[in-house]
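Asker: Here's the letter readout for the chains.
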Amino acid sequence: MVDQPVRVLVGKVGLDGHDRGAKVVAQALRDAGMEVIYTGLRQTPEQIVEAALQEDVQVIGLSILSGAHMQLLPPVVEMLRDQDSSDIIVIVGGIIPREDIAYLKENGVAEVFTPGSTTEEIVSFINKKIEQNQ
Amino acid sequence: MSDQDKKGKLKQAKKEWQEKTAKLLEKRPERKNFRLDSDLELNRVYDPLDLEGFDYLEKLNWPGEYPFTRGIQPTMYRGRLWTMRQYAGFGSAEETNKRFRYLLDQGQTGLSVAFDLPTQIGYDSDHPLARGEVGKVGVAIDTLADMEILMENIPLDQVSTSMTINSPAAVLLAMYMAVAEKQGISMEKINGTIQNDILKEYVARGTYIFPPRESMRIIVDIFSYAVENIPTWNTISISGYHIREAGSTAVQEVAFTLSNAIAYVEAALKAGLEVDQFAPRLSFFFNSHSNFFEEVAKFRAARRIWAKLMKERFGTNNPRSQMLRFHTQTAGSTLTAQQPDVNIMRVAYQALSAVLGGTQSLHTNSRDEALALPSEHSVLLALRTQQVIGYEIGAVDTVDPLGGSYFIETITDHIEEEVMRYIERIDEMGGAVEAIEKGFIQKEIQASAYQYQKEVESEERVVVGVNKFQTSSEQPMDLLKMDPATSQRQVERIKEVRLSRDQGKVSEALQSLRNAAQSDDNLMPHILKAVKAYATLGEICGVLRDVFGEYQQQITL
Numbered sequence: 247m248v249d250q251p252v253r254v255l256v257g258k259v260g261l262d263g264h265d266r267g268a269k270v271v272a273q274a275l276r277d278a279g280m281e282v283i284y285t286g287l288r289q290t291p292e293q294i295v296e297a298a299l300q301e302d303v304q305v306i307g308l309s310i311l312s313g314a315h316m317q318l319l320p321p322v323v324e325m326l327r328d329q330d331s332s333d334i335i336v337i338v339g340g341i342i343p344r345e346d347i348a349y350l351k352e353n354g355v356a357e358v359f360t361p362g363s364t365t366e367e368i369v370s371f372i373n374k375k376i377e378q379n380q
Numbered sequence: 054m055s056d057q058d059k060k061g062k063l064k065q066a067k068k069e070w071q072e073k074t075a076k077l078l079e080k081r082p083e084r085k086n087f088r089l090d091s092d093l094e095l096n097r098v099y100d101p102l103d104l105e106g107f108d109y110l111e112k113l114n115w116p117g118e119y120p121f122t123r124g125i126q127p128t129m130y131r132g133r134l135w136t137m138r139q140y141a142g143f144g145s146a147e148e149t150n151k152r153f154r155y156l157l158d159q160g161q162t163g164l165s166v167a168f169d170l171p172t173q174i175g176y177d178s179d180h181p182l183a184r185g186e187v188g189k190v191g192v193a194i195d196t197l198a199d200m201e202i203l204m205e206n207i208p209l210d211q212v213s214t215s216m217t218i219n220s221p222a223a224v225l226l227a228m229y230m231a232v233a234e235k236q237g238i239s240m241e242k243i244n245g246t247i248q249n250d251i252l253k254e255y256v257a258r259g260t261y262i263f264p265p266r267e268s269m270r271i272i273v274d275i276f277s278y279a280v281e282n283i284p285t286w287n288t289i290s291i292s293g294y295h296i297r298e299a300g301s302t303a304v305q306e307v308a309f310t311l312s313n314a315i316a317y318v319e320a321a322l323k324a325g326l327e328v329d330q331f332a333p334r335l336s337f338f339f340n341s342h343s344n345f346f347e348e349v350a351k352f353r354a355a356r357r358i359w360a361k362l363m364k365e366r367f368g369t370n371n372p373r374s375q376m377l378r379f380h381t382q383t384a385g386s387t388l389t390a391q392q393p394d395v396n397i398m399r400v401a402y403q404a405l406s407a408v409l410g411g412t413q414s415l416h417t418n419s420r421d422e423a424l425a426l427p428s429e430h431s432v433l434l435a436l437r438t439q440q441v442i443g444y445e446i447g448a449v450d451t452v453d454p455l456g457g458s459y460f461i462e463t464i465t466d467h468i469e470e471e472v473m474r475y476i477e478r479i480d481e482m483g484g485a486v487e488a489i490e491k492g493f494i495q496k497e498i499q500a501s502a503y504q505y506q507k508e509v510e511s512e513e514r515v516v517v518g519v520n521k522f523q524t525s526s527e528q529p530m531d532l533l534k535m536d537p538a539t540s541q542r543q544v545e546r547i548k549e550v551r552l553s554r555d556q557g558k559v560s561e562a563l564q565s566l567r568n569a570a571q572s573d574d575n576l577m578p579h580i581l582k583a584v585k586a587y588a589t590l591g592e593i594c595g596v597l598r599d600v601f602g603e604y605q606q607q608i609t610l
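Which chain is which? The protein sequence lines are A and B, in order.
The working numbering puts the first residue of the first sequence at 247, with every later residue one more than the last.
The working numbering puts the first residue of the second sequence at 54, with every later residue one more than the last.
These are computed hints drawn from the structure, not numbers from a lab.
Glycine included, every Cβ here is placed at the ideal spot set by N, Cα and C.
One or more hints might be untrue.
[To be verified] Between beta-carbon pairs, the in silico distance windows are:
| hint | chain 1 | residue 1 | chain 2 | residue 2 | range |
| --- | --- | --- | --- | --- | --- |
| 1 | B | Ala448 | A | Asn379 | 53 to 59 Å |
| 2 | A | Tyr349 | B | Val98 | 53 to 59 Å |
| 3 | A | Glu377 | B | Gly602 | 45 to 51 Å |
| 4 | B | Thr285 | A | Lys374 | 56 to 62 Å |
| 5 | B | Arg266 | A | Thr364 | 38 to 44 Å |
[Stated by the list, open to error] Calculated pairs, BS3-like style, for lysine-lysine (alpha carbon to alpha carbon, straight line, at most 30 Å):
| hint | chain 1 | residue 1 | chain 2 | residue 2 |
| --- | --- | --- | --- | --- |
| 6 | B | Lys112 | A | Lys351 |
| 7 | B | Lys507 | A | Lys351 |
| 8 | B | Lys496 | B | Lys507 |
| 9 | A | Lys351 | B | Lys73 |
| 10 | B | Lys112 | B | Lys361 |
| 11 | B | Lys507 | A | Lys375 |
| 12 | B | Lys507 | A | Lys374 |
| 13 | B | Lys62 | B | Lys73 |
Assemble the whole structure, with the sequences as input and the hints as a guide.
Answerer: So this is what it looks like as structure tokens:
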């Protein structure tokens, strides 16, 4: 179990096409030894949850820069809960205003990474969380 | 003294200086190796020996003369400043109309419309996939009724309007034409640009609908329609901006943009148009990033390469077909959420390099855009930045003031060579469409983006306030708040429009559009008819989705 690489789904929810951040993070997670599944653009919350369950991931990393995060992120967390999969860690990256971050974190998002965050911070956050969960 | 003697003397003097400097370096080494973003190691200093054999007429010539390196007009900003054009749009047509009129009152000289994502992807505001997105990154336009409100009390014969719209560009253009007609303005008097550049959507921006070949057909239809009907409209804005934002280098930005441009020219020629019928209406859109001199050189190199391509490859001697006219936006990806006021300085330098590079129009980003859509106050500061450059600092008083600089000319040549190397590689693959289908361009951009991020994280690349000079406490800013009721109101409005229109006319127009799409008929007149019957954007794009299919993204990682 110890040597199993962490499995992460990196996904773009909503309609925005800005995937630079998602791809850079995906690549960095891979370089850090994780297994990464990248969904591509324009995923609905339903598609994200389905893919996460199917791929049996421990972490979902969602990127969103369109401003639709308050409508599209809570459903992901809720559906995971409905499927008894609240142990999947949901992290988010994008342009998210401060007050929305507080709301999202109160509602099941583990962490929100805004512009200027380093890939190193994201990697170590995931590792720490996974350790706590075990 | 003969030229030969002068050169000998120069070389000798340089050698002596280098020896002296070498001694100094033993005691005081330089801070690091210096490179351009496009991976050229820079000399300590540039001198006449770097430009040996430099042919002024061939490489530069006077402004307004082939190959237009120094600018496309003889007088440049001495005659008229660039168009100050701030990209704006959010919420409803009413709110955006208000922002437009505010900007025009503040001395802005052109409009630039940002559409929300459902509009850009051809979905109506009540489509399930529009959830959460209506009015967010731009204004929601579902039908002609919205466009009428958007342009209310704005005389369309007196402003030029740029619309950032790609896959559904034909539909939004048709709506704009229909509003102009209602204002009683003849089609020769409307001015503006549609972005209409689908190829970069597949590699960098993501708002594609149809597969590449079908998309190219729509674009060529617009080109041919415009020749007869809207002769002064810029039918495409071939964009490097988003390629750069996605992480490319300056060289890649120009190379991929011009490769895309070549693909559009070839598609139009193949459809039977003459080059000089449409080439004068091609326009470009570039990014102005942080490496000041590299960016100036990039704009100059892009102009020269395009002129040469049009002359040598496509055989036109019409200067209007050879001139690369471009809009510039400062680099959004360089804005930081940390210490956002510092962004004002970044934007000012980036704007200045666009001006020194000879841009035709300019958008300056606002300081708060790494946090939210810009507030009115932030947008005003960004516009004032352009006005300071244009009116106060003397940067525009002579044409191409950096021309002839040993350094600028050396890196302009370097960028040209590197760009041509890429264009040749893409040609060998069969052109831009094939290179995109193979994922080549996507992979090149991704590699550069990752490299950039690693440089920031290793602190090899300093970002003030992010990896150096951080502060612990950040002052909160007044950010633009969106009205959450906008989306609901927009949904109600589209329902009202659907109820109040003549349904028979709509069905007939959509049927004739379907027939046209299935044949070789130009789509534009059919789209215009549907728009005037108040068919929705989603209905029109729905018909085309049926006939053309949808693009499935290539995942390259």
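Asker: Any of the earlier hints contradicted here, and which numbers?
Answerer: 6 and 9
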